[in-house]
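A.B. asks: In case you want the letters, here they are:
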Amino acid sequence: MAMRKILIVDDSETMLKVAQMMLAKEPYEVIVARDGAEGVARALETNPDLILMDVMMPNMTGFEALRALRNNSQTSTVPIVMVTTQAEAESIETGYVSGCNDYIVKPVDSVELIAKVRNLVGE
Amino acid sequence: MSELSKAYLHPGQLFVSAEGYAVTTILGSCVAVCLWDPVTKIGGINHFLLPSFGGEGIASPRYGNIAIKELLYRLTQLGSQKHNLLAKMFGGACVLEAFRQRQHHLGTKNIETAQELLKSESIPVVGHDVGGQRGRKLIFHTDDGAAWVKAL
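Protein sequence lines correspond, in order, to chains A and B.
In this text, residue positions in the first sequence follow my numbering: the first is 317, and each later residue adds one.
In this text, residue positions in the second sequence follow my numbering: the first is 15, and each later residue adds one.
I should point out that these hints are in silico values taken from the structure, not numbers from a laboratory.
Treat each hint with caution, since some may be false.
Result set (PhoX-like, lysine-lysine): computed pairs, CA atoms no more than 25 Å apart in a straight line [claimed, not checked]: (1) A:422 - B:123; (2) A:422 - B:151; (3) A:321 - A:333; (4) A:422 - B:20; (5) A:341 - B:123.
All chains should be modelled from the sequences, with the hints used to inform the complete structure.
C.D. replies: Given below as structure tokens:
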């Protein structure tokens, strides 16, 4: 069975490294993108099994990228988890309306991240 | 809706008050347990992400077993009587269509944890809106247990 692909979209190098470290022990291929526009491009190019999407990013915000992915037949059903700050979490309703599947609040807890990823990739 | 003070509850947190609050939270696969004492009008709510703490990571109200016991403890500390408490529970959605046939997705495990713990504490569940396919926006009134849910 092919290794499942997880796309992490975040403009913070620290967050990308932390998330990669948290997922390192899991059998996933991790792909990264550093803003919303790159996230959309990488998703279309790699067909990930799950996307972890930051909210506030340059070029295209996480909510804009979410809408773009949902409006594309190739990525309309890929599970997307929004990764928000506490302040952004209060507007996560926008994310659900736009089609996100779940959300995680920073600072991300590794047990929570892995549980949500496993749940959404069907393990 | 009456004019109560407002609070927003983040995942993994608890809110308890002896004064009336309208507490808002947003749930996907997470579950919120709401407890209130209709006699003293003390109430509270948690929002947990994972079923039970199994020794890995940090023990916190992110886990259902800890979140429910902590909520119960803090309500009794504020003066509510355990035998008066009533419960409502919300959330635990399976947010992916592809996995709806699975018996034990994360949302289901969270719901089961809440049901089992409330039963073991002999606290009646008088209302619930759990499972399903969509996230929820929940507003809970701590003083009288009123709750509104909007499917997202």
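A.B. asks: Confirm or reject each hint.
C.D. replies: Hint check results:
Taking the CA atoms of residue 422 (chain A) and residue 123 (chain B), the gap is near 23 Å; set against the 25 Å cutoff, the hint holds. Restraint check for residue 422 (chain A) and residue 151 (chain B): the C-alpha separation of about 20 Å stays at or below 25 Å, so the hint holds. For the hint linking residue 321 (chain A) to residue 333 (chain A), the alpha-carbon distance of about 16 Å falls within 25 Å, and the restraint holds. With a CA separation close to 23 Å, the supplied pair residue 422 (chain A) and residue 20 (chain B) stays within the 25 Å bound.
For the given pair, residue 341 (chain A) sits about 24 Å from residue 123 (chain B) by alpha-carbon distance, which is consistent with the 25 Å threshold.
Of the numbered hints listed earlier, not one is contradicted by the structure.
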